[in-house]
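Chemist: Single-letter residue listing:
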Amino acid sequence: MTRAKDHLVHVLKHSAATGIGIDDHHRRPSNLSIANTSLAIEPLPGGPTQWDVAVPFDTKVAILALRSAWQTSDVGGAGGGCWIVTRTAYLDASGYTHGGPSSWQSGGYFGFNAKPGTSLDLSARIFTSSGQYVALTDAYLAQTGPSARVLRMSFTNYGSSYYTLHAVGEVQLL
Amino acid sequence: MDERGSGLAVTKADQIGGIAKHDLFVISPSDHHPEVEHARIQINGVSVAGYTEHEHRVQWAQDDHLVTEVVLRGATSGIGAGSQGAWACGSQTATESVSRFSAGAGAYTYVASFSRLHGDSYLSEAIFGASIRLKDVYIDGDETVVVFYNTAPSSKTLRAWGLAIAK
Numbered sequence: 001m002t003r004a005k006d007h008l009v010h011v012l013k014h015s016a017a018t019g020i021g022i023d024d025h026h027r028r029p030s031n032l033s034i035a036n037t038s039l040a041i042e043p044l045p046g047g048p049t050q051w052d053v054a055v056p057f058d059t060k061v062a063i064l065a066l067r068s069a070w071q072t073s074d075v076g077g078a079g080g081g082c083w084i085v086t087r088t089a090y091l092d093a094s095g096y097t098h099g100g101p102s103s104w105q106s107g108g109y110f111g112f113n114a115k116p117g118t119s120l121d122l123s124a125r126i127f128t129s130s131g132q133y134v135a136l137t138d139a140y141l142a143q144t145g146p147s148a149r150v151l152r153m154s155f156t157n158y159g160s161s162y163y164t165l166h167a168v169g170e171v172q173l174l
Numbered sequence: 001m002d003e004r005g006s007g008l009a010v011t012k013a014d015q016i017g018g019i020a021k022h023d024l025f026v027i028s029p030s031d032h033h034p035e036v037e038h039a040r041i042q043i044n045g046v047s048v049a050g051y052t053e054h055e056h057r058v059q060w061a062q063d064d065h066l067v068t069e070v071v072l073r074g075a076t077s078g079i080g081a082g083s084q085g086a087w088a089c090g091s092q093t094a095t096e097s098v099s100r101f102s103a104g105a106g107a108y109t110y111v112a113s114f115s116r117l118h119g120d121s122y123l124s125e126a127i128f129g130a131s132i133r134l135k136d137v138y139i140d141g142d143e144t145v146v147v148f149y150n151t152a153p154s155s156k157t158l159r160a161w162g163l164a165i166a167k
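Note that the protein sequences, when read in sequence, are chains D and F.
The working numbering applies: residue 1 is where the first sequence begins, and numbers increase by one.
The working numbering applies: residue 1 is where the second sequence begins, and numbers increase by one.
For the record, the hints were derived by calculation from the structure and aren't laboratory data.
One or more hints might be untrue.
[As the list claims (entries may be wrong)] According to the in silico footprint, chain F covers these stretches of chain D (three or more CB under 8 Å from chain F):
1) 30-40
2) 79-88
3) 160-171
[Said to hold, decoys possible] For lysine to aspartate or glutamate, the following DMTMM-like pairs were computed, each having C-alpha atoms within a straight-line distance of at most 25 Å:
4) K167(F) / E143(F)
5) K167(F) / D63(F)
6) K167(F) / E55(F)
7) K60(D) / D138(D)
8) K167(F) / E69(F)
9) K167(F) / E35(F)
10) K60(D) / E35(F)
11) K60(D) / D92(D)
12) K60(D) / D121(D)
13) K167(F) / D140(F)
14) K60(D) / E37(F)
15) K167(F) / D64(F)
16) K167(F) / D92(D)
17) K167(F) / D142(F)
18) K60(D) / E69(F)
19) K167(F) / E37(F)
20) K60(D) / D64(F)
21) K60(D) / D63(F)
Glycine included, C-beta positions come from ideal geometry on N, C-alpha and C.
Please model the complete structure; the sequences and the hints are all you need to start from.
Modeler: Pasting the structure below:
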């Protein structure tokens, strides 16, 4: 049996030592399914075009996994990638992608990108239904109101006309 | 209790209210914090009959985990020093599993993403023994369930090593 006094000491330690309040020290991880196959991505020199996904306000880290429709291998998988996204500017998203048009249908290439490492993009240009032109340029957790936060993804279109985004996947919110 | 933070200053009254909620649900200070758990996965030589599933269950101390991840290597070496494998994440439901990465065999090492949620049948190539694929990863109560499937008519030998976490 836990005494009320134990609860009180516990909570006060949180507030005094860490500044973590009663609400946000109860935060739990969660999964979120996301998909966007309709967003028109503006070509350069316009853009990047943003896709915002609402997340719990207290989200500190998002592990983002996206894939496109374009088949990168001969066994059914698709082009895609995975990124770790944080709230802080000096810990911008980093991750890897694979896929994209290639003469090797069974040899999808992959690469690692990190915004602190001055990469222009966080992915190969794979996020259309044809697996071309559109790259994930940035991803971060943005506060959009007193108690509102979004996972903001920016996409750059390197083609010469508008292309429609094709990105589906899952986010783990921590 | 609300899982979302308000972003506003927390008063002592809020904290006392929070304590009352704790007592209401009989959650103690020691166990109300979500803990990350981890475990080794070691499957070495399990026979899987043709066109059947094999479930590998990882038991956790807690029954309230919400997300899980597994990193597995298969039985066959790739081009580099490592082996083929997969990295998959799942949640409490079987329909929200996504494989993030799977490196397969062939003249070139290829990688691919899979998503059960968005229509793929499997979460990896057949890299866990001839014709055995990773099919799903999800949380069932206090267990992470890793599902393999033998896509061939005859029995095959499953081999997979790695780690699982739940949080």
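Chemist: If a hint holds in the structure, say so; if it does not, say that too.
Modeler: Hints, one by one, checked against the model:
| no. | hint | verdict |
| --- | --- | --- |
| 1 | 30-40 | holds (count 4) |
| 2 | 79-88 | holds (count 4) |
| 3 | 160-171 | holds (count 3) |
| 4 | K167(F) / E143(F) | holds, 12 Å |
| 5 | K167(F) / D63(F) | holds, 10 Å |
| 6 | K167(F) / E55(F) | holds, 21 Å |
| 7 | K60(D) / D138(D) | holds, 17 Å |
| 8 | K167(F) / E69(F) | holds, 9 Å |
| 9 | K167(F) / E35(F) | holds, 6 Å |
| 10 | K60(D) / E35(F) | holds, 16 Å |
| 11 | K60(D) / D92(D) | holds, 12 Å |
| 12 | K60(D) / D121(D) | holds, 22 Å |
| 13 | K167(F) / D140(F) | holds, 13 Å |
| 14 | K60(D) / E37(F) | holds, 19 Å |
| 15 | K167(F) / D64(F) | holds, 8 Å |
| 16 | K167(F) / D92(D) | holds, 23 Å |
| 17 | K167(F) / D142(F) | holds, 11 Å |
| 18 | K60(D) / E69(F) | holds, 18 Å |
| 19 | K167(F) / E37(F) | holds, 6 Å |
| 20 | K60(D) / D64(F) | holds, 20 Å |
| 21 | K60(D) / D63(F) | holds, 23 Å |
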